[in-house]
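Construct the entire structure; sequences and hints are all you get.
Protein chains: 2
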Amino acid sequence: MEVIKSITEVMEFSQETRDKGKAIGFVPTMGYLHEGHLSLIRKAKEENDVVVVSIFVNPTQFGTNEDFNKYPKDEKGDIEKIEKEGASAVFIPDASEIYPEGFQTYVEIEELTKNLCGIFRPTHFSGVTIIVLKLFNIISPKRAYFGKKDYQQFRVIEQMCKDLNLDIKITPCPIVREKDGLAMSSRNKYLTEEERRDATILYQALTKGKDAILYHERDAEAVIKKIKETIMSKKTLNKIDYVSIVNPYTLTNVSHIESDVLIAVAAYFGKTRLIDNIEVEINANNYA
Amino acid sequence: MEVIKSITEVMEFSQETRDKGKAIGFVPTMGYLHEGHLSLIRKAKEENDVVVVSIFVNPTQFGTNEDFNKYPKDEKGDIEKIEKEGASAVFIPDASEIYPEGFQTYVEIEELTKNLCGIFRPTHFSGVTIIVLKLFNIISPKRAYFGKKDYQQFRVIEQMCKDLNLDIKITPCPIVREKDGLAMSSRNKYLTEEERRDATILYQALTKGKDAILYHERDAEAVIKKIKETIMSKKTLNKIDYVSIVNPYTLTNVSHIESDVLIAVAAYFGKTRLIDNIEVEINANNYA
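For the protein sequence lines, the chains are A and B, in the order given.
Letter by letter, the first sequence follows residues 2 to 289 in our numbering.
Letter by letter, the second sequence follows residues 2 to 289 in our numbering.
Everything labelled a hint here was simulated from the structure, so no lab data went into it.
A portion of the hints provided could be inaccurate.
It does not matter which identical chain is used: a pair holds within one copy or between any two.
Derived lysine to aspartate or glutamate pairs resembling DMTMM-like cross-links, with alpha carbons at most 25 angstroms apart [unchecked claim]: (1) K150 / E47; (2) K163 / E102; (3) K272 / E230; (4) K163 / E98; (5) K77 / E230; (6) K85 / E111; (7) K170 / E230; (8) K227 / D181; (9) K143 / E13; (10) K115 / E102; (11) K180 / D220; (12) K44 / E218; (13) K74 / E194; (14) K163 / D95; (15) K143 / D168; (16) K143 / D199; (17) K74 / E259; (18) K71 / E86; (19) K170 / E102; (20) K272 / E84; (21) K143 / E17.
Since we're looking at a predicted model, the values are computed, not measured.
Shown next, in the form of structure tokens:
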């Protein structure tokens, strides 16, 4: 496996790969890889001739008071994991090459960034879109893989590709959870033992909300109330940013639930902000 | 020459061209072609195996009170001219395919759009960048050609390519002028006979400003004053948006002229807004 640090080199690598008629599957990450990331690499490996993974803790997607400086790192461990999954190359650029002096370009996805995390992290998605677009242009993959834990990110990237006529298939992959239900996240490392135990409430509460809908609750506010009460039962819960029931395509709030929805949540346990979500399909097979 | 209206078809055309190892030179236009556009096509033809020209009057780069609805059109005449120059394809997309329902993506170049036309047409450049980026992604050219009459546009596009890691060479081409010095523009068609005569003052004034600098005037304000006075001598002059002396790379205003500058002007003759500019090189060979 090639470990590539420079933009020019990885562009050469991907150009040579495409010249051989081989399809590149791309998995962008911020490193500190867990099973969620590895599931993306496996999916990319299944569907493409060559897999490229990037590791870059992208400064532009962190707000001023967020955790950019303490974001966990384990480059050596990450490279080993990526190689074990059979990727062909890992791209680990330097921030100074990604954002050289004079850099001044941003990409705004106007509608899909208005709700959910867009409310609480107002500059986050423009940081995500710029880095992903740059990486897409550098790697020129045929397919790219994103975890559904960052569901809004997946929809934003999908829309960006559509609107910019990028010939890249965006493939969302299922959330990977710990045995007790907590969605895997590099940020789980920040949690104290007690916070870690309490944080399992997020998935329990989402499941309770989903069940309520499947048992024909149609009032979104009632479902949200139930989820919030469940989460608030935990002592180390610090703050709920949002519990929202949204249209899974437009990410706009739904009040009366008539078709498929996404229930999404962001909450702090201690100082650590966690997000999670669950998809709810409304169909004839719903519970009695 | 192929006349292509659909995005899918032109993507196929350009993919096939690239698969044959041929380089595409791309000339994006809003149609109603004049010698300035044709000079871009000729340059593209010289430097590339295949030339693609696009014609699209891009709604997103017009302000609400601007001339989108009356922008001149001559599709048949344009196609003839493009074919005569030896282009391989002309792409004439429909606005509904370029901006389908739900379209919501914009690209902002933050610094280079702050001065000059960016002040007076605050949404213009985000319309330019989005359409050019979309066309670049659709056509995937090796090189693209822009006239220096829209000097700020050229710098904005150049910066966008750099910041987004697009592997496209942006080639600026000299302003093409009428015999009396007026910079060629599709908008010259709007001018009455008297306005048309008066409009020649723009280039005369720019030349006078350039001469003053070459004769060692170093105070930008003094040069600007001279240019403004010259332009204001004309009866059909309606309004000057700006006369600015700027660093040609950053497009920021210069007060003391010590190195190369660009003098740029935007002014209305009657209801028609015209722009023009002139580059001034500062070196040892300047006039005595």
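Tell me, please, which holds for K272 and E230 at an alpha-carbon limit of 25 angstroms: within, between, both or neither? within (20 angstroms within a copy, 63 angstroms between copies)
Indicate which option fits the pair K44, E218 if close means a Cα-Cα distance not exceeding 25 angstroms: within, between, both or neither. Neither: 35 angstroms inside a chain and 66 angstroms across chains, both beyond 25 angstroms.
Treating 25 angstroms as the Cα threshold, decide for K85 and E111: within, between, both or neither. Result: close neither inside a copy nor across copies, 39 angstroms intra and 42 angstroms inter.
When no copy is named, should K180 and D220 be tagged within, between, both, or neither for a Cα gap of at most 25 angstroms? Answer is neither: 31 angstroms inside a copy and 72 angstroms across each miss the 25 angstroms cutoff.
One pair to classify: K74 and E259, alpha carbons no more than 25 angstroms apart. Within, between, both, or neither? neither (43 angstroms within a copy, 47 angstroms between copies)
Between copies, within a copy, both or neither: which fits K163 and D95 at Cα up to 25 angstroms? between (28 angstroms within a copy, 16 angstroms between copies)
How would you label the pair K74, E194 (within, between, both, or neither) given a Cα cut-off of 25 angstroms? within (20 angstroms within a copy, 69 angstroms between copies)
Homo-oligomer pair classification [D168, K143; C-alpha up to 25 angstroms]: both (7 angstroms within a copy, 17 angstroms between copies)
Quick one: K170 to E102, C-alpha cut-off 25 angstroms, is that within a copy, between copies, both, or neither? For K170 and E102, the Cα distance is within 25 angstroms only across copies (20 angstroms; inside one copy 32 angstroms).
If the cut is 25 angstroms between Cα atoms, do K170 and E230 qualify within a copy, between copies, both or neither? For K170 and E230, the Cα distance exceeds 25 angstroms both inside one copy (39 angstroms) and across copies (57 angstroms).
I want to check one pair: K227 and D181. Are their C-alpha atoms no more than 25 angstroms apart within a copy, between two copies, both, or neither? Classified as within: same-chain Cα gap 21 angstroms, cross-chain 77 angstroms, threshold 25 angstroms.
Please work out whether the CA atoms of K143 and D199 approach to 25 angstroms or closer within one copy, between two copies, in both situations, or in neither? neither (40 angstroms within a copy, 55 angstroms between copies)
Figure legend: structure checked against the earlier numbered hints; hints not met, in rising order: 5, 6, 7, 11, 12, 16, 17, 18 and 20.
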